[in-house]
Amino acid sequence: MASVVSIDKLTKTYENGFQALKGVDLEIEEGEILALLGPNGAGKTTLISIICGLVNPSTGKVLVGGRDVVRDFRQTRSLIGLVPQELTTDMFETVWNTVTFSRGIYGKKPNPALVESVLKELSLWSKKDSMLRELSGGMKRRVMIAKALAHEPKILFLDEPTAGVDVNLRREMWQVVEKLRETGVTIILTTHYIEEAEEIADRVGVINGGKLLLIEEKAALMKKLGRKQLRLELSEPLKAMPESLKTYNLTLSDDGTALVHDYQGEEGQGTIASLLSTLASENIHFRDLSTRQSSLEDIFVALVAEKAGEDA
Amino acid sequence: MNFEAIKSIYVFEMARLRRTLLQSVISPVITTSLYFIVFGTAIGSRIQTVEGVSYGSFITPGLIMLTLLTQCISNGSIGIYFPKFTGTIYEILSAPVAMTEIIIGYVGAAATKGLIIGLIILATASFFVDIRIAHPFMMVLFLVLTAVTFSMFGFIIGIWAKNFEQLNIIPMLVVPPLTFLGGSFYSINMLPPFWQTVSHFNPVLYLVSGFRWSFYEIADVNPMVSLGMISLFLVICLSILGWIFKTGYRLRN
Numbered sequence: 014m015a016s017v018v019s020i021d022k023l024t025k026t027y028e029n030g031f032q033a034l035k036g037v038d039l040e041i042e043e044g045e046i047l048a049l050l051g052p053n054g055a056g057k058t059t060l061i062s063i064i065c066g067l068v069n070p071s072t073g074k075v076l077v078g079g080r081d082v083v084r085d086f087r088q089t090r091s092l093i094g095l096v097p098q099e100l101t102t103d104m105f106e107t108v109w110n111t112v113t114f115s116r117g118i119y120g121k122k123p124n125p126a127l128v129e130s131v132l133k134e135l136s137l138w139s140k141k142d143s144m145l146r147e148l149s150g151g152m153k154r155r156v157m158i159a160k161a162l163a164h165e166p167k168i169l170f171l172d173e174p175t176a177g178v179d180v181n182l183r184r185e186m187w188q189v190v191e192k193l194r195e196t197g198v199t200i201i202l203t204t205h206y207i208e209e210a211e212e213i214a215d216r217v218g219v220i221n222g223g224k225l226l227l228i229e230e231k232a233a234l235m236k237k238l239g240r241k242q243l244r245l246e247l248s249e250p251l252k253a254m255p256e257s258l259k260t261y262n263l264t265l266s267d268d269g270t271a272l273v274h275d276y277q278g279e280e281g282q283g284t285i286a287s288l289l290s291t292l293a294s295e296n297i298h299f300r301d302l303s304t305r306q307s308s309l310e311d312i313f314v315a316l317v318a319e320k321a322g323e324d325a
Numbered sequence: 011m012n013f014e015a016i017k018s019i020y021v022f023e024m025a026r027l028r029r030t031l032l033q034s035v036i037s038p039v040i041t042t043s044l045y046f047i048v049f050g051t052a053i054g055s056r057i058q059t060v061e062g063v064s065y066g067s068f069i070t071p072g073l074i075m076l077t078l079l080t081q082c083i084s085n086g087s088i089g090i091y092f093p094k095f096t097g098t099i100y101e102i103l104s105a106p107v108a109m110t111e112i113i114i115g116y117v118g119a120a121a122t123k124g125l126i127i128g129l130i131i132l133a134t135a136s137f138f139v140d141i142r143i144a145h146p147f148m149m150v151l152f153l154v155l156t157a158v159t160f161s162m163f164g165f166i167i168g169i170w171a172k173n174f175e176q177l178n179i180i181p182m183l184v185v186p187p188l189t190f191l192g193g194s195f196y197s198i199n200m201l202p203p204f205w206q207t208v209s210h211f212n213p214v215l216y217l218v219s220g221f222r223w224s225f226y227e228i229a230d231v232n233p234m235v236s237l238g239m240i241s242l243f244l245v246i247c248l249s250i251l252g253w254i255f256k257t258g259y260r261l262r263n
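Protein chains in written order, with this note's numbering: chain A, 14 to 325; chain B, 11 to 263.
It is worth saying that the hints were derived from the structure and are not from the lab.
Only a predicted model underlies this, so the values are computations on that prediction, with no experimental measurement involved.
Just so you know, even glycine gets a beta-carbon here, dropped at the ideal spot from N, CA and C.
Be a bit skeptical, because a hint or two may be false.
Stated by the list, open to error - Covered stretches of chain A, going by a simulated chain B footprint (3 or more residues, C-beta under 8 Å):
#: 1; stretch: 63 to 70
#: 2; stretch: 93 to 100
As the list claims (entries may be wrong) - One-sided and incomplete, this derived list gives chain B residues near chain A with beta-carbon spacing under 10 Å:
#: 3; residue: Glu-14
#: 4; residue: Ile-114
#: 5; residue: Gly-118
#: 6; residue: Pro-187
#: 7; residue: Phe-190
Just chain A, same shape as in the assembly (with noise of 0.2 Å):
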C-alpha cells in the first residue's frame, strides 16, 4: 500500500528547550488505522501537530499525500482533518454554524446536505441549533468529529479521542472510526488506553521520550511479544512441586493451590497436552482452569520499562 503520510527525521525542539521529538521516522500507509501508543508527554501531540501545521518542525521532513506540509500546506491541509485532545468549543455557537465554518475555513463551497449527512452519522443532527455549551463532553467530542469530517478529509487525527469518556461513548467511537475506515479515511488515533488500539488498530506505533519505539501490525507485535498464561486451580494443595513436573515451566503459588504454566505463543500448544496428563497420571486433580494472554498494555508497559532501563 501506498504512503500517505510519510515522515522523515522529524524532530522539535520548543522554545524553552524541550525537545519533544527526537528523530522521528514513519509511514502511514493509506486506508490504514495505526495507534500511536505513549505515556503523556512522549511527544504524540506534537508530531500530530506538526502534520496538522500547528507546530512549525525544527527539522526533519513531514510529506502528507507526497507533499510537504510546510512548503504546500495548502494541499496537505486539505486533505486531513484533526480531532484535537482538548475539548475546544466557541461556546455561543450552534453546532450548525460550527460545522459550517469548519468546512468553509478549508475552503470547500458550502454543502448543506453534507453537513446534514455528517451531523447525522454522528447522532447530532437533533441537536444541531443548540449551543455548544449547553452539550454533554460527548456530544462535543461529537461535535469536534463533525467538524473534522466537514471538509470531507483523506486522513483523520484523533488526538486522545476516548480521554475522559465513559465505557459506553468510547464504544460508540469506536464504531465511528470503524465506519470512517469503511470510507477509506485513513486513521490516526493517539491513545493511552491500550485496549483502544488493541480493538480498533491494525498496526500500533509505541512512542516515549520523543522517540518511536516501535511500529508493528498488531497481530505481529501480539504473537511476536504476547506471552501466554495457563492457570490450574487445584482441588487438593501441594505441599511440593512432584519431581515429574519440574521439566514444565511451572510455578506452585505460595498457598499451593495453583499451578501457573508460562509459555510463549503457539509453542506451549504441544506441552500443555502432555502437562495435562503427567497431572492425570500423578493424580493430580484440578478444579478450574484459566489461561491468559498478555495484552498490549503488558507489552506496552514492558517495552517502556525495558526502554527506560537502556537509558539509564
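Using the hints, position chain B against chain A.
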C-alpha cells in the same frame, strides 16, 4: 487565495456582532450621548465656538475617532485572542489558509464593526448638533484607513496578549488618554507652546485633526501630514504582522 475561508471567518466574526448587539452598539451610543451632554452642553455653553465651529460640532469628529479606535482595537484583539484563549484557533491554524487570509477575515470584520459603530455615532451626533461634511471622500478615506489600521493593531495585541489583562490594557489605558490629549475636545492651538509640542508626539492628534479637517476644514496639522501618518501606522502594523507570520510568534511555537 482561499476566498471561502476569508468569507467564513468574516461571516463568523460578524455573527458575533449580532449576538452582542447590545454591548457592541448600544453602549458606545450611550457613552457618546453622555459626552455630548456633559461636554457639549455643560462645557460647550461656556466655549461656544472653536475656530468658528460650534463646540458640539467641533468635538464630533474626535468622539467618532475615540469610539472607532477603541472599537477597532478591542474587536480586532478579541477576535483572535478568544480562539487562542478557548483553543479553537487550532482549527484556523491547521486549515489550508494563509496568514494573509486570516488577517483579511479578522481585520476586515473588526474594521467593518468599527465603521458601523462610527457611522451610528455620527448619526447620533446629528441629533445633538449640526454636522457638515466638507470633504466626504476624504472623511471616508480617513475613517476606513483608521479602522483598518487600528483593527490590525488590535489583532497584533490579540496575538501578543497572554491574558485578559494584557488584552485590555491598551484599549483601556492607552487609547483614551491619547484621544483626550490628542485634541478631541479642544484645538491644540489653545494649549501653551510646550504642550503643543508634546501633542505632536501623540499619534491620535493626526487622526483627529485630519478627520476633523474633512468635516470643517479646520486642522491642527496639515491634513496631508495626517494622511501620511495614518499610512505610516498602517505600514508599521503590516510589518509587525509580516514578522509575526514569518516567525509564528505566539501562534505556532
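We went through each hint and held it up to the structure:
For the stretch 63 to 70 of chain A, the stated coverage by chain B holds: 5 residues have a C-beta nearer than 8 Å to a C-beta of that chain, and at least 3 were required. Given a C-beta distance limit of less than 8 Å, the hint that chain B covers the stretch 93 to 100 of chain A holds, as 4 residues qualify and 3 suffice. At about 5 Å, the closest approach between the beta carbon of Glu-14(B) and any beta carbon in chain A falls short of 10 Å, and the interface hint on this residue holds. Annotation: interface hint on Ile-114(B) violated; nearest CB of chain A at approximately 13 Å, more than 10 Å.
Here the hint on Gly-118(B) is broken, as its CB sits about 15 Å from the closest CB of chain A, past 10 Å. Checking Pro-187(B) against chain A: minimum C-beta separation of about 33 Å lies over 10 Å; hint violated. Annotation: interface hint on Phe-190(B) violated; nearest CB of chain A at approximately 34 Å, more than 10 Å.
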